[in-house]
Amino acid sequence: MGNLSQEKRERMLAFLNKVKEEHKDDDEMLIALDEIENELNSKKYGLVWEKHEEEVDRMMQDNIPVFTEVKEREIKATDENAYNFLLEGDNLHSLKLLEKTHAGKIDVIYIDPPYNTGSKDFTYNDVLVDENDGYRHSKWLSFMSERLQYAKKLLTDSGMIMISINDIELYSLKLLCDSIYGESNLLANMIWQSTPGSNTGLDIKTVTEYVLCYAKNKMECTTASRPIEDDQKYKFRDNYVEKRGKYLLNKLDRRMTGQHYSESLNYAIKTPDGRLVFPGGEEEKQKHWNWRWSESKVAWGVKNNFIEFKQSKNGKWAIYFKQYFKVNNNDEVIERSLPYQNLIKDLNGANSARGTQEIMSIFDKKAFDYPKPLNLIKYLLRIHANQNATVLDFFAGSGTTAQAVLELNKEDGGNRKFILCTNNENNICEEVTYERIKRVIHGYADVEGIPANLKYFKTDFIAKDSDDVSAELLSHIKEMVELENGITLDNKRYLIVLSDEQADELAKNWSNYEDVKAIYVSRNVLFTSEQDALFSNTEIHIIPDYYFEYELKEVGETW
Numbered sequence: 001m002g003n004l005s006q007e008k009r010e011r012m013l014a015f016l017n018k019v020k021e022e023h024k025d026d027d028e029m030l031i032a033l034d035e036i037e038n039e040l041n042s043k044k045y046g047l048v049w050e051k052h053e054e055e056v057d058r059m060m061q062d063n064i065p066v067f068t069e070v071k072e073r074e075i076k077a078t079d080e081n082a083y084n085f086l087l088e089g090d091n092l093h094s095l096k097l098l099e100k101t102h103a104g105k106i107d108v109i110y111i112d113p114p115y116n117t118g119s120k121d122f123t124y125n126d127v128l129v130d131e132n133d134g135y136r137h138s139k140w141l142s143f144m145s146e147r148l149q150y151a152k153k154l155l156t157d158s159g160m161i162m163i164s165i166n167d168i169e170l171y172s173l174k175l176l177c178d179s180i181y182g183e184s185n186l187l188a189n190m191i192w193q194s195t196p197g198s199n200t201g202l203d204i205k206t207v208t209e210y211v212l213c214y215a216k217n218k219m220e221c222t223t224a225s226r227p228i229e230d231d232q233k234y235k236f237r238d239n240y241v242e243k244r245g246k247y248l249l250n251k252l253d254r255r256m257t258g259q260h261y262s263e264s265l266n267y268a269i270k271t272p273d274g275r276l277v278f279p280g281g282e283e284e285k286q287k288h289w290n291w292r293w294s295e296s297k298v299a300w301g302v303k304n305n306f307i308e309f310k311q312s313k314n315g316k317w318a319i320y321f322k323q324y325f326k327v328n329n330n331d332e333v334i335e336r337s338l339p340y341q342n343l344i345k346d347l348n349g350a351n352s353a354r355g356t357q358e359i360m361s362i363f364d365k366k367a368f369d370y371p372k373p374l375n376l377i378k379y380l381l382r383i384h385a386n387q388n389a390t391v392l393d394f395f396a397g398s399g400t401t402a403q404a405v406l407e408l409n410k411e412d413g414g415n416r417k418f419i420l421c422t423n424n425e426n427n428i429c430e431e432v433t434y435e436r437i438k439r440v441i442h443g444y445a446d447v448e449g450i451p452a453n454l455k456y457f458k459t460d461f462i463a464k465d466s467d468d469v470s471a472e473l474l475s476h477i478k479e480m481v482e483l484e485n486g487i488t489l490d491n492k493r494y495l496i497v498l499s500d501e502q503a504d505e506l507a508k509n510w511s512n513y514e515d516v517k518a519i520y521v522s523r524n525v526l527f528t529s530e531q532d533a534l535f536s537n538t539e540i541h542i543i544p545d546y547y548f549e550y551e552l553k554e555v556g557e558t559w
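Quick note: the sequence shown uses full-length UniProt numbering, first residue 1, plus one each step.
Keep in mind that a hint or two might mislead.
Computed beta-carbon distance windows for the label pairs [what the hints assert, rightly or not]:
| # | residue 1 | residue 2 | range |
| --- | --- | --- | --- |
| 1 | Asp490 | Lys243 | 22 to 32 Å |
| 2 | Asn217 | Glu530 | 18 to 28 Å |
| 3 | Arg493 | Asp62 | 34 to 44 Å |
| 4 | Met360 | Thr206 | 19 to 29 Å |
| 5 | Asn388 | Val447 | 20 to 30 Å |
| 6 | Asn415 | Lys270 | 47 to 57 Å |
| 7 | Ile180 | Glu549 | 23 to 33 Å |
| 8 | Glu39 | Val447 | 39 to 49 Å |
| 9 | Asn217 | Leu13 | 47 to 57 Å |
| 10 | Asn388 | Lys243 | 54 to 64 Å |
These aren't lab readings, by the way, just hints derived from the structure by calculation. All of these numbers come straight from a predicted model, not from anything done at the bench. Every residue gets a Cβ at the ideal spot worked out from N, C-alpha and C, and that includes glycine.
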């Protein structure tokens, strides 16, 4: 059966070619016809939607986004050098700047974007999108598509992105992510119970939400195993319970066929009453039966209490080996674990209501609507095997991801760092996200703080028609260096030199500096031979051109 869409498209293209021939001397007409032809030849399968331009995109046509530090919101609670970052502003502007500092450097991205419910949860170009908006889904897809494409550029080859969503946009989001990350890189569509069930009403109640998980490159992405803290299958105990934990019993014999059968594993074992028993439970050798362990291993197992004999009422013996919870079958200490599953069951009752309770425990009020529960985010972050991961959340909301990162580090000794992006609508960044992070770091109520360092940046803009764009951009280089390297340029351990005059001043006062870790130097600064010798035992980093190279070329300027 023919492809009707293709046949229709070919008829239209044939007609266009005829019109082109008739107007071959009309350049304006030919340009218009070429645009129509290109549109007809563009992809017409998979996820197709009306694309929309955002005001934040139009703003960047005439302005260059930059970061400006809010110095009074810096938190330094540990002597460690590394910093976490909170970026206030539209996340598209932050993502554009992060592309300059963190392309290929983010290990884990978790986001909780607006669900587009039509109930005042999604704002597009400063206008709430309600359920009556005919372009509601197209606007949401345009909004998400650009941000997810930036996100892909930021991920390491072994990185993963996890996106919370519900039924309304799940299927559109799945197709969108398939087109951006590749269908083959889907790790899982994870399901969790976000609300408790209800005994009221006649309709089927939806109690679940989803987390779509994609790898940048599934072949490179390593997921962790989930530790088992208390498996109820291990229900027996003996005199070794303190070291080995409880145990379960496995039959020592099994039926084997073909090439899997081994004659050396078909031998007799002496039972407590002196009888000899072969695999299969008989006192004579049986075909196709083997012990799981060798003779020497069984002898070791009997001696070390890893073997258990059970006698039935009719006097027949069955032989088992003990599988302990805390040790393997060589009596070596291990941590039992299982692969993560797409059905998230063990969150200790965590749901959206729990997320609200957690916020209230910090602020003594409901400071944010529908925050995700802390245990969910910790569960998701554990999936990535790297305990030193850089974690990005560019729909940071109430800051749950930051708290999850800090608590995980405390629990498992990891050294994860976070970068959070959120706008300041209704002062959320200043009064909720930042305030939550600050209280988690310093402690709140009777909860002990988790020491960490934080910098607070705001997005700002430099007009492209400014008189001296290069000078204005240079005044924001400090923030880019700090963000890329996760440090603070404190003029003590980490220094920045942007001019020859600053280099001369540094050399003049070099004897006053102790424990300098690194100096970040503008490409335009040329150290003298004396300065090279003076700074020879200190790391020197040339500030890269790629921060604003394209923007300067665009306006015809250089550093």
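Right, here's what the structure says about each hint:
no. : hint                        : verdict
1   : Asp490 / Lys243: 22 to 32 Å : violated (49 Å)
2   : Asn217 / Glu530: 18 to 28 Å : violated (48 Å)
3   : Arg493 / Asp62: 34 to 44 Å  : holds (39 Å)
4   : Met360 / Thr206: 19 to 29 Å : holds (25 Å)
5   : Asn388 / Val447: 20 to 30 Å : holds (25 Å)
6   : Asn415 / Lys270: 47 to 57 Å : holds (54 Å)
7   : Ile180 / Glu549: 23 to 33 Å : holds (26 Å)
8   : Glu39 / Val447: 39 to 49 Å  : violated (58 Å)
9   : Asn217 / Leu13: 47 to 57 Å  : violated (38 Å)
10  : Asn388 / Lys243: 54 to 64 Å : violated (31 Å)
Hints 1, 2, 8, 9, 10, counting from the list given before, are not met by this structure.
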